[in-house]
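Student: Residue strings, one per chain:
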Amino acid sequence: MALSFSNFLFLHLLFIAVAHCAIKTYNFDVSWVSANPDELLERSVIGINGQWPIPTINVTKGDQVVVHVKNSLGNESTSLHFHGLYQNGTTHMDGPAQVTQCAIIPGGTFTYNFTVDQPGTYWYHSHVRGQYPDGLRGAFVVHDPEDPHKDLYDEEIVLTLSDWYHEHMPDLLASFINIANPSGAEPVPQSALVNETQNLTVRIEPGKRYKFRIINMGAFAAQYVWFEDHTMQIVEVDGIYTKPTDAEMIYVTVAQRWSVIVTAKNNSDANFAFVGSMDQDLFDTVPDGLNPNVTGWLVYDDAKEKPAPKEVESFEPFDDFDLAPYDQESLYEHVDYQIQLDMKMDNLDDGANYAFFNDQTYVAPKVPTLYTALSTGPNATNPLIYGSHTNQFVLAHNQVVELILNNDDPGKHPFHLHGHAFQLVHRSPDDAGFYDATTAPALPATPMRRDTVLVRPNGNLVLRFRSDNPGVWLFHCHIEWHVASGLIATIIEAPLEMQKQLAGKIPEDHVEACSAAGVPMEGNAAGNTVDVLDLKGEVSFAGPLPEGFTARGVVALVFSCVAAFVGMAVVAWYGMAPVKAKSG
Amino acid sequence: MVNVFAVPVFFICFRECLECSIIVSVLLAFLKQTLGPEHDEAIRKKFVRQIWLGTALGLLFCLIIAAGIIGTFYTAGRNAFESAEYIYEGVFALVAAVIISVMGAALLRISKLQDKWRRKIAVSLERKDRVAFGKGKVKLWCEKYAMFMLPLVTVLREGIEMVLFIAGVGLGLPASSFPLAVVCGLGAGVLVGYLIYAGGNKTSLQIFLVASTCFLYLVAAGLFSKGVWDLEMNAWRKLAGEGAVEAGAGPGSYDIRKSVWHVNCCSPGSGGDGGWGIFNSLFGWQNSATYGSVISYNLYWLVVIVGFLVTGFRERNGRYPLQKAQSAAEADAESDRSGGALGAKGGETAARTAVREVGE
Numbered sequence: 001m002a003l004s005f006s007n008f009l010f011l012h013l014l015f016i017a018v019a020h021c022a023i024k025t026y027n028f029d030v031s032w033v034s035a036n037p038d039e040l041l042e043r044s045v046i047g048i049n050g051q052w053p054i055p056t057i058n059v060t061k062g063d064q065v066v067v068h069v070k071n072s073l074g075n076e077s078t079s080l081h082f083h084g085l086y087q088n089g090t091t092h093m094d095g096p097a098q099v100t101q102c103a104i105i106p107g108g109t110f111t112y113n114f115t116v117d118q119p120g121t122y123w124y125h126s127h128v129r130g131q132y133p134d135g136l137r138g139a140f141v142v143h144d145p146e147d148p149h150k151d152l153y154d155e156e157i158v159l160t161l162s163d164w165y166h167e168h169m170p171d172l173l174a175s176f177i178n179i180a181n182p183s184g185a186e187p188v189p190q191s192a193l194v195n196e197t198q199n200l201t202v203r204i205e206p207g208k209r210y211k212f213r214i215i216n217m218g219a220f221a222a223q224y225v226w227f228e229d230h231t232m233q234i235v236e237v238d239g240i241y242t243k244p245t246d247a248e249m250i251y252v253t254v255a256q257r258w259s260v261i262v263t264a265k266n267n268s269d270a271n272f273a274f275v276g277s278m279d280q281d282l283f284d285t286v287p288d289g290l291n292p293n294v295t296g297w298l299v300y301d302d303a304k305e306k307p308a309p310k311e312v313e314s315f316e317p318f319d320d321f322d323l324a325p326y327d328q329e330s331l332y333e334h335v336d337y338q339i340q341l342d343m344k345m346d347n348l349d350d351g352a353n354y355a356f357f358n359d360q361t362y363v364a365p366k367v368p369t370l371y372t373a374l375s376t377g378p379n380a381t382n383p384l385i386y387g388s389h390t391n392q393f394v395l396a397h398n399q400v401v402e403l404i405l406n407n408d409d410p411g412k413h414p415f416h417l418h419g420h421a422f423q424l425v426h427r428s429p430d431d432a433g434f435y436d437a438t439t440a441p442a443l444p445a446t447p448m449r450r451d452t453v454l455v456r457p458n459g460n461l462v463l464r465f466r467s468d469n470p471g472v473w474l475f476h477c478h479i480e481w482h483v484a485s486g487l488i489a490t491i492i493e494a495p496l497e498m499q500k501q502l503a504g505k506i507p508e509d510h511v512e513a514c515s516a517a518g519v520p521m522e523g524n525a526a527g528n529t530v531d532v533l534d535l536k537g538e539v540s541f542a543g544p545l546p547e548g549f550t551a552r553g554v555v556a557l558v559f560s561c562v563a564a565f566v567g568m569a570v571v572a573w574y575g576m577a578p579v580k581a582k583s584g
Numbered sequence: 001m002v003n004v005f006a007v008p009v010f011f012i013c014f015r016e017c018l019e020c021s022i023i024v025s026v027l028l029a030f031l032k033q034t035l036g037p038e039h040d041e042a043i044r045k046k047f048v049r050q051i052w053l054g055t056a057l058g059l060l061f062c063l064i065i066a067a068g069i070i071g072t073f074y075t076a077g078r079n080a081f082e083s084a085e086y087i088y089e090g091v092f093a094l095v096a097a098v099i100i101s102v103m104g105a106a107l108l109r110i111s112k113l114q115d116k117w118r119r120k121i122a123v124s125l126e127r128k129d130r131v132a133f134g135k136g137k138v139k140l141w142c143e144k145y146a147m148f149m150l151p152l153v154t155v156l157r158e159g160i161e162m163v164l165f166i167a168g169v170g171l172g173l174p175a176s177s178f179p180l181a182v183v184c185g186l187g188a189g190v191l192v193g194y195l196i197y198a199g200g201n202k203t204s205l206q207i208f209l210v211a212s213t214c215f216l217y218l219v220a221a222g223l224f225s226k227g228v229w230d231l232e233m234n235a236w237r238k239l240a241g242e243g244a245v246e247a248g249a250g251p252g253s254y255d256i257r258k259s260v261w262h263v264n265c266c267s268p269g270s271g272g273d274g275g276w277g278i279f280n281s282l283f284g285w286q287n288s289a290t291y292g293s294v295i296s297y298n299l300y301w302l303v304v305i306v307g308f309l310v311t312g313f314r315e316r317n318g319r320y321p322l323q324k325a326q327s328a329a330e331a332d333a334e335s336d337r338s339g340g341a342l343g344a345k346g347g348e349t350a351a352r353t354a355v356r357e358v359g360e
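Quick mapping for you: the protein sequence lines, in order, are chains A and B. In case it helps, UniProt numbering puts the first sequence at residues 1 to 584. In case it helps, UniProt numbering puts the second sequence at residues 1 to 360.
Please keep in mind that the hints were generated in silico from the structure rather than gathered at the bench. Heads up, the beta-carbon is just placed ideally off N, CA and C, and yes, glycines get one too. Honestly, I wouldn't trust all of these hints.
Claimed, not checked - Here are the in silico distance ranges between beta carbons for each label pair:
(1) E42(A) to R257(B): 48 to 58 Å
(2) I64(B) to F565(A): 35 to 45 Å
(3) G50(A) to R257(B): 41 to 51 Å
(4) N264(B) to K505(A): 44 to 54 Å
(5) C561(A) to A211(B): 10 to 20 Å
(6) L302(B) to P287(A): 46 to 56 Å
(7) F215(B) to D436(A): 53 to 63 Å
(8) P321(B) to L557(A): 23 to 33 Å
(9) E242(B) to K310(A): 28 to 38 Å
Generate coordinates for the entire structure from the input sequences, incorporating the hints supplied.
Tutor: And the structure:
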């Protein structure tokens, strides 16, 4: 494996680049290519510049990144989201279609241009309905010349975890959100992958210390990760440096990143397996023959055998709640604004299963929310204009916001907030029900921060962040199935400041993308520009299931009763008739 | 309650037992008539003994066969049905609804049964009187012991019929729901048979028959509707798979496209809501009604109403509605051939005579 060598080279280049912040330009031609990563099925996947896996973006803190995207897919629109980047001042570069931009239609082009002012491990992926699991997902690493942990490791290696489906997402989504799947059972992946392949070998030199940047780029499955006979030292989660903390096994939900330092043994006597094991609790039914594991090896000596991984007795992963941020940022006290989101899964009157925040499933508005905020002047602070299906919250600038998430569902969900890393100030165990501040334990003094966090089955969690980043940011479950079934809230943060920041700065290709896609760019969620408080004409969607007896049910029941009584009357008339005939 | 009393089973037992007891009662009445006090007491006693012996033996054979069939069914056959449970339950519910409807109509003309058997017995006894030469020994023996053979064969035939019906109708029911229903059905059949034999207040007997038939039709309407519902449910389970099973009585347990009403409770199927199970077997209640189940329920009643109106009209006027009055005789003859509506065989004259006989 050439990984270590190229990384080594890169570290040198990195120090050269530190002096002046560079402009890193990428030309990405997004198109279908063919691949067979699990050696079970050759299928078409979404690649970049004719290649898949797609390239890792390596930049240095402070760099300006310019990505020219051309959509050559032919049959699908696309967009790119740079997961975990705050995009402070560039919310229009965040990437979710119908939120901060219009999707790039086939043949279209679009340029992402932003400055990265945060170190750490990130990734980039399509943010068009359920698309990235078809391949459009890659690592995005921001190197830090001032890494506080730089003395703790000698080299770094990126490990991406993912789950792999043999069918294409549009087909899977069509059968997932379908009357024939009333329980909303998510499609189960066919394989687990590491660096989009299996049986990966990583060359290790005895005595050296390696920083593994572990990224779960999967659609659905969280993975337990461990290195046999090696302890991990956690130093970063989702771009936030942590106090170095030892762990034997970590639980990496989709969209999470963990940097761990693994110190190599001092001899080359054996090679060691490392394993990513998909959390099968997530799967409704585990298909026969599914191999939930993907294995790689720390290879000290090519000549020695690569041992099969040993069975583990139980999964006991490290709890990231116990981490402390390296900067020791203290708890945000004095909450100014509170958001409560109660999530559940339920069926609508089209028979399909959807996901809900506060009884509302997310449906994208006609006008991308950012453009609504930018085109409605002072009305932008009125949540009403963002529509009836967007679960919107409008935040004032520079406030401490508390977000309470109550999981009224027996599943595990990894929640991600765009534009921020947040403090995780409380997380309940399983089945704790809704959050109750009066009975909750004391909040930690220096809470762990990250941008993607697991909420436990029927549990709750509480996040806090400062609304210091004007923009339109989604808060959503990062299980791609649940994104499609509507588990999304929209946070419109400091819209008036955003208007000032972005006045006249929306690039022309935004306008072109929208006009090419036929999407309006002005007005409220319904596209009304005159009276923005009038939502007439906004997207309509399946309604709730009828409750019990509707008019139709009552009519049917009354009709049936009448039929029964008339019927019995006729039976009596017939049955009694001969007796009457006799007497008469 | 649904676990201890299977309504359709009760009615099947009731009906089959009633037919048996009518035969026995007709035979006993016949003996009373023909072998009156002027005849030898010993001969009469001998015949009475033959009748009861035949009945008892018939019953015994029935029980053995029933135990065999039901035993086999519950040990071996049940699993085979399980996977396609809804299809079988649905089809059997439909069949049971038709059977109950037909036997209900016959019940209203119970006296005709009496008439039928009286004629049959008369014929067989007539033959006995004119003993012919050259007949086989077996036949001779049979004719000699007609008073024994008739009840034996009848009980056997009705009994096996009953067992087959029960095995069919009761497919989806727990075994524990059978004994009480069977005992009650048999008891009620014997009781009504005795009432017919003993005479008594014919009007109240008629009222009893009408009331029980009304009840019977309620059950049949429910069964018919449930049959259609089961078939639809089978299609839904096939489409939605595990998800539909998981959903219990909640969203996803039914096909919203076909739903007329749905309440997330009061399901007749699940264990907890016992009362709704009775409601289901009596009136075909569903917590999740479909267009199919509602329409079939109403359609059933429509057919019953029209059927009885037509039959009743014909019994009164000797012709079908919309038919010319003069062709009544032809229509009568035709109906004898075709069997008449709803199994109410025979013309109005027969029915009236029969009822009058009951009344006498």
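Student: Indicate, hint by hint, whether the structure satisfies it.
Tutor: Hint-by-hint comparison with the structure:
1. E42(A) to R257(B): 48 to 58 Å: violated, 38 Å
2. I64(B) to F565(A): 35 to 45 Å: This hint holds: roughly 44 Å between Cβ atoms.
3. G50(A) to R257(B): 41 to 51 Å: holds, 45 Å
4. N264(B) to K505(A): 44 to 54 Å: Holds - the Cβ-Cβ distance for N264(B) and K505(A), about 52 Å, lies within 44 to 54 Å.
5. C561(A) to A211(B): 10 to 20 Å: holds, 18 Å
6. L302(B) to P287(A): 46 to 56 Å: holds, 49 Å
7. F215(B) to D436(A): 53 to 63 Å: Since F215(B) and D436(A) have Cβ atoms about 55 Å apart, the given range 53 to 63 Å holds.
8. P321(B) to L557(A): 23 to 33 Å: Because 31 Å falls inside the window, the suggested range holds.
9. E242(B) to K310(A): 28 to 38 Å: holds, 33 Å
Consistency with the previously given hints fails for number 1 only.
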